[in-house]
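Below, each chain spelled out in residue letters.
Number of protein chains: 2
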Amino acid sequence: MAKKRAGKKTTRKASKRTPKKTPTKPARKPGSKKVTRKAPSARGKMHTGKSRRRPTVKATSRKKAARKSGPRPKRVVPGKRIYAFGKKTEGDRSMSDVLGGKGANLAEMTSIGLPVPPGFTITVGTCAEYHAAGRKLPADLMKQVADQIVSLEKQRGRAFGDAGDPLLVSVRSGAAVSMPGMMDTILNLGLNDKSAEGLAERTGNERFAYDAYRRLIAMFGDVVMGIDMHHFERELDGVKAGYGVSLDTDVPAEGLRELCERSKAVFRERSGRAFPQKPMVQLEMAIRAVFDSWMSDKAVSFRRIEGVTGIDGTACSVQSMVFGNTGDDSGTGVAFTRDPSTGENTFFGEFLINAQGEDVVAGVRTPRPISELKAWNKGVHAQLLGIKRTLERHTREMQDIEFTVERGELFMLQTRTGKRTGAAAVRVACDMVREKLITEKEALLRIPAGDLTQLLLPRFDDAARAGADVLATGLPASPGAASGFPAFTASEAVDRAHAGEKVILVRRETSPEDVDGMHVAAGVLTSTGGMTSHAAVVARGWGKCCVAGAGDIHIDEHNGVFMVGGRAFGRTDLISIDGSTGEVIAGPVATVEPELSGDFARVMRWADKHRTLGVRTNADTPRDAERARSFGAEGIGLTRTEHMFFDAERIGAMREMILADNRVDRESALGRLLPYQRADFVGIFTAMKGLPVTIRLLDPPLHEFLPHEDDAVEELARSMGVDAGVIRRRVTMLGESNPMLGHRGCRLAVTYPEILAMQVRAIVEAALDCAEQRIRAVPEIMIPLVGVDEELAILRAQAERVIEQVRKERGSRRRLDIKIGTMIEVPRAAVTSEQIARHADFFSYGTNDLTQMTFGYSRDDVNRFLPDYIAHEIIPRDPFQSIDRAGVGEMVRLSVEGGRLGNPGIKLGICGEHGGDPASVRFCHEAGLDYVSCSPFRVPIARLAAAQAAILARTAEPG
Amino acid sequence: MAKKRAGKKTTRKASKRTPKKTPTKPARKPGSKKVTRKAPSARGKMHTGKSRRRPTVKATSRKKAARKSGPRPKRVVPGKRIYAFGKKTEGDRSMSDVLGGKGANLAEMTSIGLPVPPGFTITVGTCAEYHAAGRKLPADLMKQVADQIVSLEKQRGRAFGDAGDPLLVSVRSGAAVSMPGMMDTILNLGLNDKSAEGLAERTGNERFAYDAYRRLIAMFGDVVMGIDMHHFERELDGVKAGYGVSLDTDVPAEGLRELCERSKAVFRERSGRAFPQKPMVQLEMAIRAVFDSWMSDKAVSFRRIEGVTGIDGTACSVQSMVFGNTGDDSGTGVAFTRDPSTGENTFFGEFLINAQGEDVVAGVRTPRPISELKAWNKGVHAQLLGIKRTLERHTREMQDIEFTVERGELFMLQTRTGKRTGAAAVRVACDMVREKLITEKEALLRIPAGDLTQLLLPRFDDAARAGADVLATGLPASPGAASGFPAFTASEAVDRAHAGEKVILVRRETSPEDVDGMHVAAGVLTSTGGMTSHAAVVARGWGKCCVAGAGDIHIDEHNGVFMVGGRAFGRTDLISIDGSTGEVIAGPVATVEPELSGDFARVMRWADKHRTLGVRTNADTPRDAERARSFGAEGIGLTRTEHMFFDAERIGAMREMILADNRVDRESALGRLLPYQRADFVGIFTAMKGLPVTIRLLDPPLHEFLPHEDDAVEELARSMGVDAGVIRRRVTMLGESNPMLGHRGCRLAVTYPEILAMQVRAIVEAALDCAEQRIRAVPEIMIPLVGVDEELAILRAQAERVIEQVRKERGSRRRLDIKIGTMIEVPRAAVTSEQIARHADFFSYGTNDLTQMTFGYSRDDVNRFLPDYIAHEIIPRDPFQSIDRAGVGEMVRLSVEGGRLGNPGIKLGICGEHGGDPASVRFCHEAGLDYVSCSPFRVPIARLAAAQAAILARTAEPG
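Line order of the protein sequences matches chains L and E.
First residue of the first sequence: 226, per the numbering used here; consecutive thereafter.
First residue of the second sequence: 226, per the numbering used here; consecutive thereafter.
Be a bit skeptical, because a hint or two may be false.
As the list claims (entries may be wrong) - As a list, the in silico BS3-like pairs of lysine-lysine whose alpha-carbon atoms are at most 27 angstroms apart:
#1 L/K1044 with E/K613
#2 L/K489 with L/K419
#3 L/K312 with L/K368
#4 L/K834 with L/K914
#5 L/K523 with E/K613
#6 E/K312 with E/K613
#7 E/K1033 with L/K523
#8 L/K599 with L/K312
#9 E/K523 with L/K1033
As the list claims (entries may be wrong) - Here are the computed distance ranges between Cβ atoms for each label pair:
#10 L/G1153 with E/D936: 58 to 64 angstroms
#11 L/E1122 with E/A1181: 25 to 31 angstroms
#12 L/L899 with E/V506: 53 to 59 angstroms
#13 E/R1038 with L/G776: 47 to 53 angstroms
#14 E/S526 with L/G1153: 30 to 36 angstroms
Because the hints were derived from the structure by calculation, they are not lab data.
Don't be surprised by glycine CBs; every beta carbon is placed ideally from N, CA and C.
Given the sequences, and given the hints that come with them, work out the whole structure.
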């Protein structure tokens, strides 16, 4: 059942998805543990008889691709019911209307010369005939099928139902569009009591033969006779219990024989008839089951709901099976046409002699590197090298292939685009351009933009990490790798780092009070919080390695120790964290620094040529600003000013400002903050010289700056010369039930205009200071959290007054052209953008908060239910990581439309976390934004993603 | 400056506002202290010389109204520059293009026979000529003006500039549309050194004469010469200091004489010329100033921004002034044409002999009732009765008039629609229909729907409350009146109420844990929280009197006492609260129960005839349901199920359910809750027999049900047989940073499907139980907080399974037609309504939460800044009280559009607090909803408001 549901889902998604090939990787569920990003090894990927499930979307993609590649001679013969593939191949990939997606694909693979196990496909039209005739197969169909079987027997040199060396086949459904409720695969069809015996003898592998047979009985019982699979599973459990084993693989051959008998008994009992021993009877029943499944309730309702029309039925493909465990002249292997780790153009893989894929999965035997294949079978080796060339020429992509050698004969079981590391993606793309296999644009589309981060950050040395003592796995919150000694509070981290120690900040979760500690730490590890927790967001912004939400770790801050798996780690126990995998490792692991290849620079050049979206960065310090410039940022889209107030020297003045109960005291405290702010801005303007810098005025609720712990409260009370009780009361008063929806953003500026005045003054004074040193400063003032046009009108006027005042004070004759705009992050702002735009020079979409308010999800609390939501596929992915097009995206679209109506010259950007997510960048391009802004380390990703979006959009244009 | 800004605002709003007459009262700022709703008294409303500022929108309205009333003979004479009003009247209200709004109005009032002080209006065209000629008055204009002055002198029997008995005039600007930057009024024009002396002598009131003179000098200096008003104010301060007085009214006549001299000195110094002594010079300068103000920067930019075109200039009205303090044959008064308190058709008002309006404002003398007027001046009395008839026939409305008698001659200074109580509104409207003055539809439009509440609730006896000891004033959170003894906790309230005591629950704020106590209390008083706080919402729902946010009250729950103004009130100190005024009063006050008049029933009948919107109620108990039915509710639009779990018997099981860490324990606790829930629903279905009942499944975050105080935690721990620490940990774990955006609503049902299953089972079993007793039950299941279509799809399927299962269990052959729908309260749901509607039989707009999330305002925290926002006019009113059309309304419109696309048969309603707010009901009508749902006591309001909306919409239809 679970399997079917999953299947259903995949298919539904598939039919909704844009059928264009996208460079994005298959969606990985956020929150789920990420697989180590080392080069995919061939290990654990070898199958033989087992079908490797292929996302059903592929059929559709391929079909569309075929359509695009222009007219090809169709070989559709009217009235023809069966198309063979093998020695003689009668179809190609253009014929999915006739042969279904799978059938057309098998025909295509065969037709380009791959040695695919031969078979044939019964057409979609036959299925339609079957139903039109009241579930009656056309009179001569089984005769034609028998003829095809004869052809297969000839090609494979063995007979269907042969007692000694039987021909076995698989039977699969396959419409032009995949859909849930359709029949699954039946494997090993053709086996019966006798031929199972024969197969055991011929392969010398009794376990294999009876395992194949018992699987056939169960699959056949399930999909053809509708006997629930669990009846068969219960028998397996019974047998295992009988032999006192717990793993399927430990059941001896004898047990599998017994299981076949018991399965046949279940079959008889549940279906009222014996398991059919005649292969042709099995085959006819299977074909009927395929056709019947077209009209299953599930399939019918799927077509109704999804509006699938114009498809008459499903095709049915019958393919001969091959086995790699039929002797020492047989084997099985997996390979990549290029090195998936480095991208080097070399043949890369592993193989096993006299083995089925399962043997590899079971880990019983160690595969041999593909380089040794030549010594074993020179012909097969040469043939594979030829296939590599053919495939790459045909698919123009690096391929990941599975093959089986049966009695010296090579068969291709599977070929698909190979997964690769970011570095390999860059190299393969550039190499293929050089080899004139693909164009520059195609090369850009081939590189998963998100994988570029891997090229920019240090990572653990593969050799060094082998056999690492992995303590726990959290979320890969911010890539990179670091080793250090645990520090349990921010101040401890600061002290020890200043003393020269390399520390990892280990916290349950972090808050703005921790930023200093985070800044000095080599990495950050938290035990709670998700991919968009404070720790994750801040760390990503800095390109600092972070593992978040490692729930197995229990932190005892008081005693300076964390527990994991019964072991304790204190301040002197070196640990390592891998922000790309989420792993927490005991002890040190050597890291390697990235070297940016010439190919990387080439890809970036190409990207800049094609993209139309600007790319800015989110940076709060000169260091970040410089780094982002070096990565190609064209300005700063978001400078948060709140982090600037946590410095030890400033937080005191900040707190006094907050705790002041009158304007005069507030202004005096603000006066002390002014020089710091001015210096902050001078630093950033200098780093970005000439490029625009968007500065967001103070945003978080004021209580975030207040101390909550008793010590800190008392210290503050002493320094302010008041009673600790006074401070505590004020802290309590400032507390809010829902701070996310509270007194923050521009609402602070409305209540305390003097805060805005100080910040604007600091900006203007900094710009004028820079001008005096002939550094061009281009500040843009961003007023956050506007929801009502009048907020912006009033605050803009206030800011303009301060700008004018400072200009006069400084006697500057220059006109200060400082743009003033707002973040669009409140749903009301999105739907009233036309009004708001009249007062704004720019909008920047703050999609983090916009996502919170559009969904009504608190980012701090959402992990209570979001994992369930993603697991149940209520929402396809974490909307804080990749923009929710239907909801949040719709808000942005409404706002873009309104904004441009209200102010045709308005500049539109995005500065939420989404600005560095490739799918979201694509959305931004489509929505017509002017730029995206993201953390420094994601700038190259955004540049590439922007280029991909532009190329895809142009491709999609009509004509 | 402040005044001008306010003026600007009014006007901008005005020009945007729909110019139709609406029955709503002038917007009162929510959150501001509400004025006592007793019948408006004539006290403090008397003016004479002082112009009563009229919202500038009136001019526009009247103009449009004039246009609507069809063609009237225009008396526009080409080339004519001056139109008189008085003995001979040359214009009417249709001529605002020529005479400006004010001029046309004065002409109209005169032309229907009102004794308006005579005057004349210089045309808009003259202003255009003036500017076309380069700011030159037409050659003979001042000659014509002089002729008019002569006419005025004749009519008033005194001469312009006469030293003994001077004719004085006012000069005002007046375009067809009012705009900021235009000249304000100049009063007392014509006074000079000599005539001031004469006026003093003739009136025997030196203070009056010199006060009038010094005001003329200052006004003239300000608006004609551009001398900033503060220069004159400084002189006044100087004089006051000289006499050692602090109030203007304490300055003796001598001081005012001195002030005139000092003001003239300022005038000379600042303008370089002496204050003009010749009245005709004053007049010409004033006319020029009026014309010049048309081209002031402000006025020009206002016209540009607002796109005012097609108006050539401003008119200038010159009107003779009258004085009621010229002897014992003079006087001044204020009256209503009907009793504003009861609506009785009688003449009602007060007057003062030999007095100016200012005398009344100063409170020096006590006015006499209008009934004594006849004895003083029979002729004037008869004339006023005639004017009452004329005015009511002409305006077809009850009028509020101001008059002055100067030397026995009656002058009308002002007439406008009179304010009245809800009861009076109903009676006047019905009476006027009987008198055939207005139609039924007009009658419906005349009654401010919101005022109907006054008719339904007990109120304090006016006599009894006179001289009441008002301790504090909070927000009028839920109307009604109650006296009782303070109870400081819910359980205390329950105990004491059960013991027969009448209690007022006094809390800082209330939470769901307090509902029992609220229910038994006679009224609820809180010291924090707004109009939509928990206390306010729950109390309004029950029609229970509540005063919220009485910030002056400091509650010491521990000692059972509250402090206010230095006084302490404990459990034995009787207090009274007035939920219609927000007043908290020491001691008891007698209340009167409302009697519903036949007129009330008549109005409701008329309303039902005209409205198209359905009206349902929000009710959680059979009692509320019955009451709402008696008020005309056509079903229940919202039954909240959460309140049902706070009963002492149930809360235990509820808590065990929440604290269970596995499904089995959860289901067992739910099993114990099931019979209670079923009984709840049987009760409500029985009360509503046959009418639909929309039941919302559990909505609040679970931690709301948990105890937070130590005692309660320990008690729970004992009853559950676990350690208190376990409970505390679980309570902490369930806490959220932003509960508003947390794990609640349908998110609970996704994580704990068994809660939904129990509730649906209870609903279905209750419906079947009712059916057995031949009571028709029409439940509708509402799944709250849906933001993603898939949530509803999954939960709907679950609910349907339970419905089917219960039906089978009970062997019911009936098809249970239970509608399943959702609340639209998350912005994402609004913008993805098309998808969601595919799974919904109905939508109900939960505009409370939708407002929170659309604005990003937490209702619990919003009082930090909302008062500032309303004070600064950033938003016009509390969006939780009246729907925000531009933002939240836009969300609803988007959703209605999408919802009907996704499911053309979908039913749409609203169940937020807005369902009982007249302006919001109108919005709902316009947005095309099917029904509104509101608390029982607001059902009549909603019925009337719905009728008004329908009538207005039909009127607005083209053709």
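- Message: Tell me the hint numbers this structure goes against, listed in increasing order.
- Response: 1, 5
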